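So you can see what is in the structure, the chains are spelled out below.
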Amino acid sequence: MSEVKEGKLLHQVCSLLLKAHEEPEVFEQIAEQLRRNLQVSCCSIWLASPNGGVGQQRLAFSIVEDNLPADLPTLDFKEAFQAMGREGALNWQESQVKVEKQRLLSLTKPLSSHGHLDGAICFWFVDGAIRQHIVSLITSLAADLAQGLDNYRNFSDSSHRRLNKELAIAKQIQASFLPKKTPQLAGISIAFQSMTAHEMGGDYLDIFQTQNKLVGIALGDVMGKGIPAALWMAMTKVTLSTIAKSGVQPHVVLEEVNKALYQDLVERDTFVTLLYALYEPVKKVLLLANAGHLPPLVFHGTTGQYELLKVKGTYIGGIKNRKYKLIGVQLMAGDVVLFYSDGVTEATNSSGEQFELNNIVDVVSKNSLFGAQQIVDSLTIHVSQYIGNRQQADDITFACLKVG
Amino acid sequence: MRIMSIEKVEPGMKVGRPIYGANGKTLLANGVKLTSRYIERIKELGIAVVYIYDESVGEIQVDDVISEKTRFEAIKVTKEAMENIKLNPALNLARINEAVNDIINELLNNCDTMVNLVDIRAVNDYTFGHSVNVAVLSLITAITMGFNKDKLKILGAGALFHDVGKTAVPENILMMATPLTDDDKEELLEEHTTIGFHILRKIESLSLQVAHVALQHHEHYDGTGYPRKISGDEINEFARIVTVADIYDILTSGRAGRSRLTSLQAVELIIANSGKFFAPEVVKHFIHTIALFPVGTLVMLNTQEKAVVVETFREYPTRPRVRLLVNSQGNRINPPYEMELASNLNFYIVRIIEEGEL
Numbered sequence: 001m002s003e004v005k006e007g008k009l010l011h012q013v014c015s016l017l018l019k020a021h022e023e024p025e026v027f028e029q030i031a032e033q034l035r036r037n038l039q040v041s042c043c044s045i046w047l048a049s050p051n052g053g054v055g056q057q058r059l060a061f062s063i064v065e066d067n068l069p070a071d072l073p074t075l076d077f078k079e080a081f082q083a084m085g086r087e088g089a090l091n092w093q094e095s096q097v098k099v100e101k102q103r104l105l106s107l108t109k110p111l112s113s114h115g116h117l118d119g120a121i122c123f124w125f126v127d128g129a130i131r132q133h134i135v136s137l138i139t140s141l142a143a144d145l146a147q148g149l150d151n152y153r154n155f156s157d158s159s160h161r162r163l164n165k166e167l168a169i170a171k172q173i174q175a176s177f178l179p180k181k182t183p184q185l186a187g188i189s190i191a192f193q194s195m196t197a198h199e200m201g202g203d204y205l206d207i208f209q210t211q212n213k214l215v216g217i218a219l220g221d222v223m224g225k226g227i228p229a230a231l232w233m234a235m236t237k238v239t240l241s242t243i244a245k246s247g248v249q250p251h252v253v254l255e256e257v258n259k260a261l262y263q264d265l266v267e268r269d270t271f272v273t274l275l276y277a278l279y280e281p282v283k284k285v286l287l288l289a290n291a292g293h294l295p296p297l298v299f300h301g302t303t304g305q306y307e308l309l310k311v312k313g314t315y316i317g318g319i320k321n322r323k324y325k326l327i328g329v330q331l332m333a334g335d336v337v338l339f340y341s342d343g344v345t346e347a348t349n350s351s352g353e354q355f356e357l358n359n360i361v362d363v364v365s366k367n368s369l370f371g372a373q374q375i376v377d378s379l380t381i382h383v384s385q386y387i388g389n390r391q392q393a394d395d396i397t398f399a400c401l402k403v404g
Numbered sequence: 001m002r003i004m005s006i007e008k009v010e011p012g013m014k015v016g017r018p019i020y021g022a023n024g025k026t027l028l029a030n031g032v033k034l035t036s037r038y039i040e041r042i043k044e045l046g047i048a049v050v051y052i053y054d055e056s057v058g059e060i061q062v063d064d065v066i067s068e069k070t071r072f073e074a075i076k077v078t079k080e081a082m083e084n085i086k087l088n089p090a091l092n093l094a095r096i097n098e099a100v101n102d103i104i105n106e107l108l109n110n111c112d113t114m115v116n117l118v119d120i121r122a123v124n125d126y127t128f129g130h131s132v133n134v135a136v137l138s139l140i141t142a143i144t145m146g147f148n149k150d151k152l153k154i155l156g157a158g159a160l161f162h163d164v165g166k167t168a169v170p171e172n173i174l175m176m177a178t179p180l181t182d183d184d185k186e187e188l189l190e191e192h193t194t195i196g197f198h199i200l201r202k203i204e205s206l207s208l209q210v211a212h213v214a215l216q217h218h219e220h221y222d223g224t225g226y227p228r229k230i231s232g233d234e235i236n237e238f239a240r241i242v243t244v245a246d247i248y249d250i251l252t253s254g255r256a257g258r259s260r261l262t263s264l265q266a267v268e269l270i271i272a273n274s275g276k277f278f279a280p281e282v283v284k285h286f287i288h289t290i291a292l293f294p295v296g297t298l299v300m301l302n303t304q305e306k307a308v309v310v311e312t313f314r315e316y317p318t319r320p321r322v323r324l325l326v327n328s329q330g331n332r333i334n335p336p337y338e339m340e341l342a343s344n345l346n347f348y349i350v351r352i353i354e355e356g357e358l
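Going down the list, the protein sequences come from chains A and B.
This note's numbering numbers the first residue of the first sequence as 1 and each following residue consecutively.
This note's numbering numbers the first residue of the second sequence as 1 and each following residue consecutively.
No lab work stands behind these hints: they were computed from the structure.
Fair warning: there could be bad hints in the mix.
[Claimed, not checked] Incomplete in silico selection of chain B near chain A, CB under 10 Å: (1) Pro11; (2) Arg41; (3) Leu188; (4) Leu189; (5) Gln265; (6) Val267; (7) Phe277; (8) Ile287; (9) His288; (10) Gln329; (11) Asn331; (12) Asn334.
Here the structure is a predicted model, which is why all the values come from computation and not from measurement.
By construction, the Cβ of each residue, glycine as well, lies at the ideal position given by its N, Cα and C atoms.
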């Protein structure tokens with residue numbers, strides 16, 4: 001491509017991008033322009049989710065009318081998904097697929113602005129020689145494309161129109177605190193769910209493996225909402241995981257967390273409810289201490305009975321040098337333990353009724369023969385259906401541990 | 001093509017999968033435009049769910065666990081056998097055995113298969129369609145439990161004939177306004193188990209276990225069933241499987257005055273009664289053979305995107321492969337792309353969409 005032509009294309013795309021916040025169709029036009037001028041088979045533009053990587057959305061897809069593989073849109077999704085997942089560590093992502101004797105090359109670039117991920121742009125082409133045109137052009141365009149996506153998102157997402165920019169960032173921080181993946185251990189399955197409300201709440205969940213191979217599960221709720229809550233959540237998370245990593249008993253962990261945070265919490269007139277459980281997979285014993293959080297539910301698969309693991313304890317930031325009690329429960333194959341926040345029990349339906357514990361027990365019992373992930377997914381569906389079209393009022397967080 | 005409850009179907013929509021009548025004859029072929037008369041008729045025939053052709057959803061392959069040919073042959077021979085069995089204890093059961101064999105072989109050939117088709121029964125044929133459904137569900141469960149072929153054959157015959165006693169209790173008596181009290185009716189209905197047992201035990205070419213399936217398929221694991229109120233391992237191992245399959249098929253067909261349950265609701269109900277009505281060992285295997293979100297189900301994702309289920313996996317019951325159709329702004333995604341929910345845990349189903357229009 002000549003420099004004149006390239007310059008002209010850059011100009012066209014940039015002037016289109018100026019309108020991105022009010023006319024989302026411009027992304028379709030941009031993809032079309034880029035595809036034609038760069039002479040590639042397919043070009044797509046993806047918007048990263050505002051919630052810190054949860055979900056993504058395709059804004060544009062332009063493809064030549066040719067004998068391209070029918071599952072190209074699906075392959076394209078995978079490329080974009082991977083590229084956005086490796087953002088930061090990745091400049092360009094290249095891959096090739098062989099479909100029906102045809103060799104297709106793909107080139108994908110994640111797009112970021114102001115230090116956070118906005119989306120990605122993908123190209124599909126047959127001839128390797130086109131590669132350098134794409135790289136040179138998109139390198140000049142990347143910052144503008146990212147800004148265009150950013151403008152579009154801030155305008156189009158109604159939830160973000162209401163939240164100011166800082167809150168959106170806080171929400172991203174909150175989402176990034178969630179466990180990246182759950183520990184994989186023989187004999188148990190673990191899964192979790194976190195559905196954040198539009199007004200950001202202060203739920204905190206962490207699941208990790210301690211140095212002595214036990215599973216630590218922490219669930220907490222910071223009083224208040226917004227940025228202060230997110231910051232307290234961050235402090236709680238760092239404090240707890242530092243103390244708990246070595247495999248210290250739960251009541252000691254809570255005592256230490258309280259010691260570390262007490263003064264600051266009191267000064268800011270706030271507090272944190274926090275539960276910490278430690279599971280020993282060989283003996284199948286669950287140890288637990290609780291600083292004012294809702295008691296976990298244990299459903300015994302063999303008998304169909306359930307119990308709440310109740311143990312009293314003052315919330316973090318309540319009493320200086322507070323001691324906490326430790327309780328334990330012997331689990332058996334088929335048992336399900338569910339940790340949950342008040343967003344679950346207080347989820348409200350159109351008649352103003354709350355979801356409450358009995359519904360949780362009902363869903364768990366009806367799915368108790370499945371693994372943790374399925375139990376979590378089913379509870380998600382039941383709670384979502386219960387809420388219906390109403391706006392979710394509070395963060396909904398739960399974690400599930402299934403033995404056997 | 002997508003699944004729709006007949007209540008939501010509107011005139012002008014097109015049939016996405018043939019609707020069959022008795023003997024496997026096609027009543028409504030693919031692509032036929034539904035009129036309000038057709039829709040009324042489908043409702044009258046007791047079909048609760050249909051597959052509707054929907055251009056925006058595109059083509060989706062939905063496979064039955066056994067071929068249509070095998071299913072209709074099985075329905076046919078079951079019907080013939082059940083009609084003759086009382087009069088002729090020396091009945092030649094070669095064709096029944098053949099039908100059972102065919103079902104077993106087809107199930108064994110695709111052992112990862114899941115029950116995806118909803119409401120496959122042929123109309124006007126409830127009893128026999130139901131018998132074949134129960135046989136298929138029982139066999140697919142027993143295969144995952146590791147039963148050998150000899151045991152599968154007994155189970156297959158037991159499942160096909162589990163309700164043979166009902167042929168002696170005319171169903172219309174039970175439905176009609178008669179001087180019978182509800183208790184009388186119930187007693188009469190309960191007798192179909194013992195009647196079935198006595199019919200089947202006289203047939204020399206049948207294993208006595210087949211007769212025991214008919215006798216015991218209403219026994220409950222906790223001893224609250226009928227006729228003998230036996231419990232746990234006292235209940236015949238084949239009957240324990242047929243009980244689960246029988247109830248599942250009744251729940252999802254919306255018979256007996258109940259409203260139809262989706263597969264998800266029916267599986268949840270079965271798990272909730274595991275150890276009560278049903279043997280836990282059977283339920284444990286049964287639930288993995290049923291697609292909780294059958295192919296063709298429209299779902300809403302947490303991202304507010306609408307998608308249709310295109311493939312299901314035994315290992316990930318709540319995480320099928322989906323095709324994304326409408327984005328969070330409500331705009332059509334064209335062309336659609338597909339996603340494995342099992343490998344994209346950030347995406348999950350929040351509800352099933354039942355509305356007529358996308």
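Comparing the hints with the structure gives:
no., hint, in the structure
1, Pro11, "28 Å, violated"
2, Arg41, "32 Å, violated"
3, Leu188, "33 Å, violated"
4, Leu189, "28 Å, violated"
5, Gln265, "9 Å, holds"
6, Val267, "8 Å, holds"
7, Phe277, "12 Å, violated"
8, Ile287, "6 Å, holds"
9, His288, "9 Å, holds"
10, Gln329, "7 Å, holds"
11, Asn331, "9 Å, holds"
12, Asn334, "8 Å, holds"
In this structure, the hints that do not hold are numbers 1, 2, 3, 4 and 7, in rising order.
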